[in-house]
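Using the hints, position chain G against chain S.
Those protein sequences? They're chains S and G, same order as listed.
All residue numbers for the first sequence refer to my numbering, where the first residue is 1 and numbers rise by one.
All residue numbers for the second sequence refer to my numbering, where the first residue is 1001 and numbers rise by one.
One or more hints might be untrue.
Claimed, not checked - Quick look at which bits of chain S chain G covers, simulated, 3 or more residues with Cβ under 8 Å:
hint	region
1	40 to 53
2	289 to 303
3	392 to 405
Unchecked claim - Here are a few chain G residues that face chain S, going by a calculated C-beta distance under 7 Å:
hint	residue
4	C1036
5	F1048
6	N1052
7	A1176
8	Y1302
9	I1385
10	G1403
11	L1404
It is worth saying that the hints were derived from the structure and are not from the lab.
All C-beta atoms, glycine included, are put in the ideal place defined by N, C-alpha and C.
There are 2 protein chains.
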Amino acid sequence: MEELRGNLLVAQSGGPTSVINASVAGVILEAGRNECIEEIWGGLNGIFGILNEDLVDLNEERAKSIEWLKHTPGAALGTCRYKIDFKKKPAQAAKDMDRLFEVFAAHNIRFFFYIGGNDSQDTSLKIHEEAVKRGYALRVIGVPKTIDNDLPFTDHCPGYGSVIKYNATTVMEIAADVGSMATDEGSCCIIEVMGRSAGWIAAGTVLAKRIPTDAPHIILLPEIPFVEADFLAKVKETNAELGHCVVVVGEGIKNTDQEEIGADKSRLDAFGHPELSGAANRLAEIVQGKLNLKTRTVKLGYAQRAAAHFASQTDIAESTACGAAAVRAAVEGKSGFMVKLVRLSDSPYQWNTDLQPLADIANVEHFIPRDWISADGFLPNEKFIAYAQPLIVGELNLQVENGLPRHAVLQKVALEKKLAARA
Amino acid sequence: MEELRGNLLVAQSGGPTSVINASVAGVILEAGRNECIEEIWGGLNGIFGILNEDLVDLNEERAKSIEWLKHTPGAALGTCRYKIDFKKKPAQAAKDMDRLFEVFAAHNIRFFFYIGGNDSQDTSLKIHEEAVKRGYALRVIGVPKTIDNDLPFTDHCPGYGSVIKYNATTVMEIAADVGSMATDEGSCCIIEVMGRSAGWIAAGTVLAKRIPTDAPHIILLPEIPFVEADFLAKVKETNAELGHCVVVVGEGIKNTDQEEIGADKSRLDAFGHPELSGAANRLAEIVQGKLNLKTRTVKLGYAQRAAAHFASQTDIAESTACGAAAVRAAVEGKSGFMVKLVRLSDSPYQWNTDLQPLADIANVEHFIPRDWISADGFLPNEKFIAYAQPLIVGELNLQVENGLPRHAVLQKVALEKKLAARA
Chain S
1 MEELRGNLLV AQSGGPTSVI NASVAGVILE AGRNECIEEI WGGLNGIFGI LNEDLVDLNE
61 ERAKSIEWLK HTPGAALGTC RYKIDFKKKP AQAAKDMDRL FEVFAAHNIR FFFYIGGNDS
121 QDTSLKIHEE AVKRGYALRV IGVPKTIDND LPFTDHCPGY GSVIKYNATT VMEIAADVGS
181 MATDEGSCCI IEVMGRSAGW IAAGTVLAKR IPTDAPHIIL LPEIPFVEAD FLAKVKETNA
241 ELGHCVVVVG EGIKNTDQEE IGADKSRLDA FGHPELSGAA NRLAEIVQGK LNLKTRTVKL
301 GYAQRAAAHF ASQTDIAEST ACGAAAVRAA VEGKSGFMVK LVRLSDSPYQ WNTDLQPLAD
361 IANVEHFIPR DWISADGFLP NEKFIAYAQP LIVGELNLQV ENGLPRHAVL QKVALEKKLA
421 ARA
Chain G
1001 MEELRGNLLV AQSGGPTSVI NASVAGVILE AGRNECIEEI WGGLNGIFGI LNEDLVDLNE
1061 ERAKSIEWLK HTPGAALGTC RYKIDFKKKP AQAAKDMDRL FEVFAAHNIR FFFYIGGNDS
1121 QDTSLKIHEE AVKRGYALRV IGVPKTIDND LPFTDHCPGY GSVIKYNATT VMEIAADVGS
1181 MATDEGSCCI IEVMGRSAGW IAAGTVLAKR IPTDAPHIIL LPEIPFVEAD FLAKVKETNA
1241 ELGHCVVVVG EGIKNTDQEE IGADKSRLDA FGHPELSGAA NRLAEIVQGK LNLKTRTVKL
1301 GYAQRAAAHF ASQTDIAEST ACGAAAVRAA VEGKSGFMVK LVRLSDSPYQ WNTDLQPLAD
1361 IANVEHFIPR DWISADGFLP NEKFIAYAQP LIVGELNLQV ENGLPRHAVL QKVALEKKLA
1421 ARA
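Isolated chain S, as found in the complex (with noise of 0.2 Å):
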């Protein structure tokens, strides 16, 4: 194995999850292990600010902060969208390779750890070939990072855990207070969750579920064609026998035409935009329309990926170590490759990490197999139970101050520029 030394850039890249900091951590604690490893430097805003030779110290942290970025939501380092594509700005992706190259070789920068989703693992692939190509020694491991889950090869995501741990708590909490008002008429609720096109999200509400009659009642899944009589049908059934309905959506959940329900082209908004009004709000139309049944919606949103004050111990245990893992695997001389999560048993839940090539990874999107939900489509099954429920255990011990969770504050001590500014 060739002898490799010099210092370490790790980022950050597309949306962030409440533990997506924790893998962060994991670089930076493993990194103080390995003597090969000279600097530990952060980019900030990702391949964004890379390109803008936006560093950072990271050396110059306090070990308490290094510490409670585990519980920090938000990228800490910042992030980005920014995206090296080849396929449609080939000039200018061709321009920012050049320049990443030069900013990694005016810091002697060795080790590149990215965290991130789908976007961010072709990033780490193109920049590992690249350095291949120019004969730049460089190890790149890609970290995986997305609340939505939809990573290949990996037994699930860093950030999974938490953002399902803290919307079934929520659905619990919300199925109490619905549940608890009598009426005649009985009543809907119906919250939206994220994930775009996988249901991993609102799937994992389930967990909400201890006995049958417990709600999530209705989960939407985007891998499931949402059919509006259906639907009507089984709010109805619901409602009639337990007085009211509780429904998941996902966000991103479509008719049997494959277009979205919550964005609807037909009606336009004020400026004349279409209405973007969300897929429960969609849903909440037709239930009040069509059944003249009281409905209300929730929308997490945001809230639901930077819930830190209620992440899973496990998911943040398992952010931290794919962190520590991508640097073990570089300093043994490996690139171009993505840690994964493998599960080694359900129960007692065990797992491990491992490696997956970056080329096996990129652009394949991971969706919930069929088999894992119920006949209707209404539910996931108890193979998805036993798939989700080990990931949500645990809880952190949380920094509070005046009733507020502490979150840790990098002073981001900048590194001194080397290059001129970017063209």
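Frame of chain S, contents of chain G only:
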């Protein structure tokens, strides 16, 4: 003082809070200490259930269930919005009152505690007056409860501290997320919270602000008429300075014509109903349309009033104390009062309970004083902060099972009915 012995009935009414059951626990625990109280019974679903003689024996509940009520959301005894309305439905109201006293007499109920907001205090008053008129020895004490914090005479309402603790935490977390995403154009996130015509809940999120640049950057209160141009100017200014803008909006904000902006009567949905997309959605349309700024919404809805997993320990203690104080007052011979919270000092925060005649309470709403709000109307000021800060302090020792909160499940052993079914 007349020595009164007999049975106790406690019931809940109106929208739940995350600590409404702590007041039930307070009633039960204090009742157990008083010999003159023979049996401890609960009325299911408030007045609505009591009229149906749906009573349960709370002596049968396990001690642990009573303790767990303190962190169980929803109304554990069930709740209702049923009103004995002598103004609008005098015949029905008179009939209801007759039936109510039949139920009281049949079960020798001599101590009645009703936990609720404005309407419920009005019901308690009516029952007290009716008891006096009928010469039926009954002690009626109202126990305050409302997330809206709009009851007069009490320093604040049980339930309020918990909703603003959770909402301020959520705003902090969302702000960490939104603020970490680097974009060239900036972004806006609009978080809708409850509170109807009073802005107490929206205002409480100001506690998330530790330094002036922290979110929320704008809080839209129902007390301040919404002026679109001023709002847009403030969003633009904030975005130019910080690269993002986090707005909290009370669901009931109104324009200068006193029309709620969330209920746009000019637009009809697919079924011909006025569209109820809500204040946040409406604002998002305005911001996206007029400023061309990427805008996302969050609507916490019932989640905020049910978030027992992060309730305020101060609020739990106060809610429990209000239940206990109601029992003590009744045992001491008082009737026709509501328990209120009295603040003795801000720092260190000290409080006590006292009594206020129910006749003073009914149908009086309590709003944020204008001089607790900044001159531009966009943020509560230091007077509000001094008021609200102590109310969110302290966390509960949450009981968790398999990663999710454990809630009390009451056995609700039904009392044998002694009357014919309600006509």
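Exercise. Which earlier hints can't be squared with this structure?
Worked result: As far as the earlier hints go, 4, 6, 9 are violated by this structure, in ascending order.
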